[in-house]
Every structure is written in structure tokens, then in C-alpha cells.
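For the protein sequence lines, the chains are A and B, in the order given.
Residues 44 to 282, numbered by our numbering, are exactly what the first sequence covers, in order.
Residues 80 to 483, numbered by our numbering, are exactly what the second sequence covers, in order.
What the hints contain is simulated information worked out from the structure, not anything from laboratory work.
These numbers come from a predicted model, not from an experiment.
There is no bait here: all hints are sound.
So the derived list for chain A, only partly shown, Cβ under 10 Å to chain B, looks like this:
#, residue
1, G100
2, D103
3, R129
4, Q131
5, S139
6, L142
7, E150
8, A203
Stretch by stretch, here's where chain A covers chain B in the computed footprint (C-beta under 8 Å, at least three residues):
#, region
9, 82-94
10, 367-376
11, 474-481
Heads up, the beta-carbon is just placed ideally off N, CA and C, and yes, glycines get one too.
Below are the chains, spelled out letter by letter.
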Amino acid sequence: MNDATVIDIHNVSKIYNPDTIPVHAVNNVHLHFERGEFTALVGPSGSGKTTLLNIIGGLDAPSEGQVIINGTDITSLKPNQLINFRLQNIGFVFQSYNLIPVLSARENVEFILLLQGVSKAQREQRVQDLMNAVGLGDKMEVRPAQLSGGQQQRVAVSRALASKPQFILADEPTANLDSRSAANLLDIMAQLNHDEGMTFIFSTHDARVIERARRVITLEDGRVVSDKAVGVPTKGGRV
Amino acid sequence: MILQLAWRNLWRNRNRSIIAMASVWCAVVLAIVMSSFQKGVFDLLIDNMVSFYSGYVQVHRTGYQSEQTLENSFELSDSLQNTILSTPGVASMTPRLEAFALASSGEKTKGCLVAGIAPETENMATRIKSKVVSGEYLSDSSSTVLVSEGLAKRLQLGVSDTLLLLGQGYYGTTAAGKFPIGGLLHYGSPELNDQLVFLPLAVAQRWLDAPGLATTLVITPGDPASSGETTARLRNTLSTEFEVLTWQEMMPEINEHIETDTASSAIILGVLYLLISFGIFATILMMLAERQREFGMLIALGMKKAQLALMVLFESVFITLTGCALGILASLPIVWQLTNHPIRIGGEMAKVYEKFGFEAIFPASMAPSIFWKQAVVVLVIGLFLSLYPMMKVLFLKPVEAMRS
Ligand SMILES: Nc1ncnc2c1ncn2[C@@H]1O[C@H](COP(=O)(O)OP(=O)(O)OP(=O)(O)O)[C@@H](O)[C@H]1O
Ligand SMILES: [Mg+2]
Numbered sequence: 044m045n046d047a048t049v050i051d052i053h054n055v056s057k058i059y060n061p062d063t064i065p066v067h068a069v070n071n072v073h074l075h076f077e078r079g080e081f082t083a084l085v086g087p088s089g090s091g092k093t094t095l096l097n098i099i100g101g102l103d104a105p106s107e108g109q110v111i112i113n114g115t116d117i118t119s120l121k122p123n124q125l126i127n128f129r130l131q132n133i134g135f136v137f138q139s140y141n142l143i144p145v146l147s148a149r150e151n152v153e154f155i156l157l158l159q160g161v162s163k164a165q166r167e168q169r170v171q172d173l174m175n176a177v178g179l180g181d182k183m184e185v186r187p188a189q190l191s192g193g194q195q196q197r198v199a200v201s202r203a204l205a206s207k208p209q210f211i212l213a214d215e216p217t218a219n220l221d222s223r224s225a226a227n228l229l230d231i232m233a234q235l236n237h238d239e240g241m242t243f244i245f246s247t248h249d250a251r252v253i254e255r256a257r258r259v260i261t262l263e264d265g266r267v268v269s270d271k272a273v274g275v276p277t278k279g280g281r282v
Numbered sequence: 080m081i082l083q084l085a086w087r088n089l090w091r092n093r094n095r096s097i098i099a100m101a102s103v104w105c106a107v108v109l110a111i112v113m114s115s116f117q118k119g120v121f122d123l124l125i126d127n128m129v130s131f132y133s134g135y136v137q138v139h140r141t142g143y144q145s146e147q148t149l150e151n152s153f154e155l156s157d158s159l160q161n162t163i164l165s166t167p168g169v170a171s172m173t174p175r176l177e178a179f180a181l182a183s184s185g186e187k188t189k190g191c192l193v194a195g196i197a198p199e200t201e202n203m204a205t206r207i208k209s210k211v212v213s214g215e216y217l218s219d220s221s222s223t224v225l226v227s228e229g230l231a232k233r234l235q236l237g238v239s240d241t242l243l244l245l246g247q248g249y250y251g252t253t254a255a256g257k258f259p260i261g262g263l264l265h266y267g268s269p270e271l272n273d274q275l276v277f278l279p280l281a282v283a284q285r286w287l288d289a290p291g292l293a294t295t296l297v298i299t300p301g302d303p304a305s306s307g308e309t310t311a312r313l314r315n316t317l318s319t320e321f322e323v324l325t326w327q328e329m330m331p332e333i334n335e336h337i338e339t340d341t342a343s344s345a346i347i348l349g350v351l352y353l354l355i356s357f358g359i360f361a362t363i364l365m366m367l368a369e370r371q372r373e374f375g376m377l378i379a380l381g382m383k384k385a386q387l388a389l390m391v392l393f394e395s396v397f398i399t400l401t402g403c404a405l406g407i408l409a410s411l412p413i414v415w416q417l418t419n420h421p422i423r424i425g426g427e428m429a430k431v432y433e434k435f436g437f438e439a440i441f442p443a444s445m446a447p448s449i450f451w452k453q454a455v456v457v458l459v460i461g462l463f464l465s466l467y468p469m470m471k472v473l474f475l476k477p478v479e480a481m482r483s
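Work the whole structure out from these sequences, hints included.
Pasting the structure below:
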């Protein structure tokens with residue numbers, strides 16, 4: 044472990060239904076992520092991508108093993124501590140149902156800052172910057188239902204960024220998008236990765252999305268079957 | 080933030096929220112109009128009954144209520160009167176010297192209840208002046224008597240005839256007196272109409288050989304609704320030599336009638352509220368099922384479960400309270416109208432009412448308690464109904480919620 048280490052996963056397993064028909068959704072995984080990575084998690088359906096991301100994000104507890112984020116073993120946190128840890132350290136982008144339907148795009152982003160207790164003046168400036176960063180500076184007051192799927196996912200990225208997290212986890216963020224919107228979302232993510240050094244870990248099935256990653260981890264039956272660096276190493280990247 | 084979210088969520092499924100609110104609205108309007116009528120009618124009934132004779136509160140020497148004789152009378156001292164008048168909640172007071180006697184004229188004799196009264200203050204307490212149907216009301220200096228119509232008829236007497244009263248004086252002496260009839264009174268209740276005789280207190284004291292004595296002090300509270308508290312205060316202030324009784328204790332039958340009637344309408348309202356509670360609960364369950372993913376997402380993002388539970392609580396309280404507020408608003412003009420222009424009863428019913436000296440009206444009441452009680456009931460329902468969704472939210476697992 045060194046200064047650049049963000050996530051350390053030791054010996055993590057997740058077994059569903061241990062008493063009836065056990066399913067090894069994640070099987071004895073060791074992984075190490077560093078600041079500034081742009082990593083894709085790939086593998087066939089049911090290979091454990093979502094489960095692994097949920098465990099890294101503290102949404103699900105592993106049956107075994109440790110998840111150490113920035114030196115904190117999140118598997119030892121109490122439920123409320125864990126919620127607060129997520130709020131302060133981890134950004135999430137989900138496949139769908141990302142946004143709160145009754146809040147405008149601006150308010151959705153601001154929501155995270157409100158939960159964090161950021162002052163009003165700071166919130167306004169930050170939300171404006173974040174919305175500009177994802178190219179939606181002109182859609183601030185629009186409700187999610189009036190946004191396209193791609194725009195919604197961009198708001199979700201902007202929101203994930205708002206809390207100034209250690210890294211952003213995205214589970215199939217492009218699964219519901221057409222290829223243009225998917226490419227556009229990847230552009231924005233790559234740019235944030237490049238310009239601000241934001242760490243992204245995303246799962247995907249999409250070959251064109253995989254192409255953009257700098258590191259590709261392949262899962263099969265809950266095991267890591269390959270882990271390779273591709274393309275140009277990012278600054279601070281491991282490879 | 081949570082409040083704002085809850086409020087906006089309410090308008091998400093506009094129709095459903097409106098239906099839920101409308102059901103609360105209906106129940107509240109119905110409940111308010113119903114209890115307003117009930118309170119109005121009972122207040123009038125009590126006022127009528129109480130103003131017939133008893134007053135809201137009476138003070139006697141201890142034991143008088145069970146044994147109404149002159150031996151249980153007390154001295155009408157200034158200090159006693161001052162103590163009572165200075166008790167908070169007491170508006171006015173009037174003394175009486177009551178005794179049973181035989182009234183006769185010529186051959187005819189009839190038992191009667193004779194009350195020596197202070198004409199001015201008695202009228203304030205029981206509005207007796209308004210019951211005079213012929214002749215004149217009493218004054219402090221008059222030596223005439225007022226006789227209730229029924230009694231006068233039996234004795235075949237009229238105004239300015241002479242009435243003979245035979246009773247037992249203070250020391251067991253025989254009290255006999257001849258009194259000119261100054262006026263006749265009409266009472267709705269036959270019981271009263273057939274036996275009441277009034278004369279000035281001083282005249283009665285002389286007749287009964289009981290100078291300075293009284294059997295009863297009729298107390299008029301400033302606010303009839305708080306006569307209970309006033310009674311309690313009087314009990315504390317006065318020595319055990321005196322007993323203080325409320326109209327409920329003096330007329331337990333009426334009180335019982337009111338209580339059973341109130342209880343039965345409370346049951347009707349309870350059933351009504353139960354029905355709408357089921358409706359709202361169904362709405363809440365649908366909402367819960369539909370929003371599983373969203374709740375999971377909110378918790379995943381870092382919203383505390385307690386915050387989420389609070390949001391759910393606000394949502395159901397908003398539905399019920401908004402319905403309630405609108406219900407109160409809608410019922411205000413209805414109740415106001417019915418209070419100021421009470422429904423008049425017509426036909427045979429009216430005659431029965433008038434016979435008993437009641438005004439033949441069906442009044443409503445604008446007492447604030449009618450309104451806030453419904454608000455409290457509805458708030459409690461809202462809080463209660465949100466218990467289940469709150470528990471659900473507190474035990475929600477974000478991963479499972481988002482998978483669903
Ligand atoms: N709550 C659960 N209970 C039981 N089994 C589960 C549960 N969640 C996931 N699984 C199982 O664990 C395995 C891994 O699932 P997971 O959702 O992580 O796969 P995935 O790689 O994300 O698949 P996909 O590409 O379809 O999203 C699968 O076999 C799945 O059926
Ligand atoms: Mg998945």
C-alpha cells in the first residue's frame with residue numbers, strides 16, 4: 044500500500060443463500076485501486092460485477108474479507124457510520140433511477156451538498172460549476188422526466204462529483220443509453236478523470252465503453268480472471 | 080429540505096393524493112358539523128335545564144343535598160359571600176332560602192317548594208323574570224309572592240288573590256303566612272310548574288323564623304364550560320362545612336343522557352375515521368411499493384434512514400393535515416351559518432319543545448374545541464399510519480431495494 048492507494052480489497056467473498064443453495068457471487072477477490080484510475084469491470088451476466096461494486100461502495104457487506112478505503116476498513120463500520128462514510132467518500136452512478144424525480148437537475152446535485160451540510164453560497168457556485176462540467180449548465184431547472192437518458196446520466200455524474208468523493212462507482216452507467224449518448228457520457232467521465240484526476244470504476248458489457256478504459260478487470264463466476272492495463276497509463280496510475 | 084421533498088412528493092401522484100385528502104376532508108367536515116350540532120343542542124339543553132332552577136353550581140351546608148331541611152341551612156355572612164365572589168371563575172351569586180310547605184286557598188291544599196330569593200341576582204342566575212306570564216316580578220321591598228301557573232290553577236288562584244303558606248319554621252315552629260300573589264310564572268317542566276312559589280328572601284326568613292339564614296347559594300360561573308374548575312376552586316376555598324355541587328351532580332340523569340349520546344356519536348365518528356384510515360393506508364402502501372428503488376438510491380447516496388423515515392412521516396401527515404385544514408375551512412362557514420341562523424323545528428315537534436319551555440331550535444356550536452379536536456384526531460391518524468412505512472424505511476436494505 045502506498046499514498047496513491049484508494050481501495051484495497053483483501054480476500055473478499057460474497058455468498059448468497061449460504062444455507063440453501065449457496066451462490067458465490069464474489070469469490071476470494073484481491074484487488075488494489077489507485078488514485079486517478081479509469082477502470083472497467085467486465086464479465087458475463089451474473090459474474091458478480093454489481094455485487095463487487097456494491098461491496099466496494101459499502102452498500103453490501105462481504106461474507107468474508109476486508110475492504111479498505113483510504114485506510115478505513117469499511118466492513119467494520121456501524122450502519123450509520125457507513126452511510127456517512129459513503130456520503131463523504133464515494134460517488135455513485137447507477138444504471139437507472141438515479142435521480143430524485145421531484146427535484147430539478149440543479150436540486151438533485153445540490154441534494155448531496157445539503158446532506159453534507161455545505162453552506163448555501165458554496166452550494167450555488169459548486170452546483171453551477173458541476174452542471175457546466177457535464178455540459179448541462181442550461182438545464183439546471185429542468186426536472187429529470189424532461190431530460191433524455193443521457194442527460195440524466197450526466198446529471199448523475201455531476202451529482203456523484205458534488206460530494207468531492209475519493210472515487211466514483213458506476214454500475215453499467217451506459218446500459219440504457221444509445222451509442223451516441225454513451226460515447227458522450229464516457230467523454231465527460233474521461234475528461235473529469237484527465238482534468239481533475241477523479242478515479243472512476245465502472246462495470247459494463249459494452250465493447251465501445253471497454254475500449255475507453257485504461258484498466259480492464261474481467262470477472263467470471265465471481266473470480267478475477269484477468270486484470271490488465273490498456274492504452275496510456277493515467278497520471279498516478281498503477282501500470 | 081426534507082419538508083420540501085415530502086411536500087413535492089405529495090404532488091407526484093396528484094390524483095391519488097387528492098383522493099386521500101378528499102376523504103379526510105369529507106370526514107372532517109362531517110365530524111365537525113355533527114359534533115357542532117351535538118354540542119350546540121346540548122349546550123342549549125343544559126342552559127335551559129340549569130336556568131330553570133338549579134344554576135350551574137350550588138353551595139349548601141354539607142348534608143343539605145341529601146336532607147333538605149332548614150336544620151341544614153347556614154348563616155348568610157358577608158365574609159362567606161365575599162369569599163365566594165372573589166373566587167376566580169365566579170361571575171355572580173344569589174342566595175335562596177328553600178323550604179317545602181303546604182299552599183292552600185279555601186278548601187284546596189297542595190304541597191309546594193317555596194324559595195326566598197334575592198330578586199335582582201336571582202334573575203341574573205336563572206332569568207326568572209322572563210317566566211313571568213302575568214302580574215309583576217318581585218322587588219326587594221315587595222311582600223307579594225310569585226306562583227307557578229300549574230299550582231295557581233290547582234288552587235284556583237290568580238294575580239292579587241291571597242295564598243296561604245303553611246310550613247315548619249327553623250326551630251320546628253309552625254310557620255304560617257298569608258301572601259298576596261303578585262304574579263304567575265310559566266315553567267316548561269310540569270314538575271316545576273306545579274310546585275314553585277317565590278318570595279323575597281327577607282319575607283321568607285321572617286315567615287320561617289330564620290333571620291339571616293339561607294339554604295342555598297346559586298353560583299353563576301363566568302364561563303359555563305369551566306364550571307368544573309370553578310367548583311374545584313370553591314371546594315378548596317370553602318371549609319368542609321359547605322358542600323359545592325355542579326349541575327351534573329344535581330341532575331345526574333341529564334348528564335348521563337348527554338354522556339351516552341356523546342359516546343355513541345364518538346363511535347360513529349370512530350368508524351368513519353377507521354374507514355378513511357384504511358383508504359389512506361392503502362395509498363401509503365402503494366407509494367411504498369412504487370418507490371422502493373428510489374428509497375434504496377437515496378440511502379445509497381448517503382441519506383440517513385432517519386431522514387428518509389421523517390420524509391415518509393411528513394408525507395402522510397401532510398395528506399391528513401391538508402385534508403383536515405381544508406375540511407375545517409369548509410366547515411367554518413357552514414357551522415357559522417347554523418350557529419347564527421339555527422334550524423327551527425316545525426310542526427308537532429316544535430309544540431313538544433315549547434311545552435317544555437325550550438326554544439324550538441336546533442342550534443350549532445362554534446366552540447373552538449370542536450375544530451381542534453378534529454385536527455388532533457386527524458394528526459394522530461396521520462402519525463399512526465406512518466408508523467408502518469417508517470419501520471419499512473428504517474429496515475430497508477439499499478441493495479435489495481434497488482434490485483427490486
Ligand atoms: N440478493 C441476491 N440473492 C441471491 N443471489 C444473488 C443476489 N444478488 C445477486 N445474486 C447472484 O449473484 C450472482 C452475481 O450477480 P451480480 O448481479 O453481481 O452479477 P452481474 O455481473 O452484475 O450481472 P449483470 O451483468 O447481469 O448485471 C448472480 O448469480 C446473481 O444471481
Ligand atoms: Mg449487474
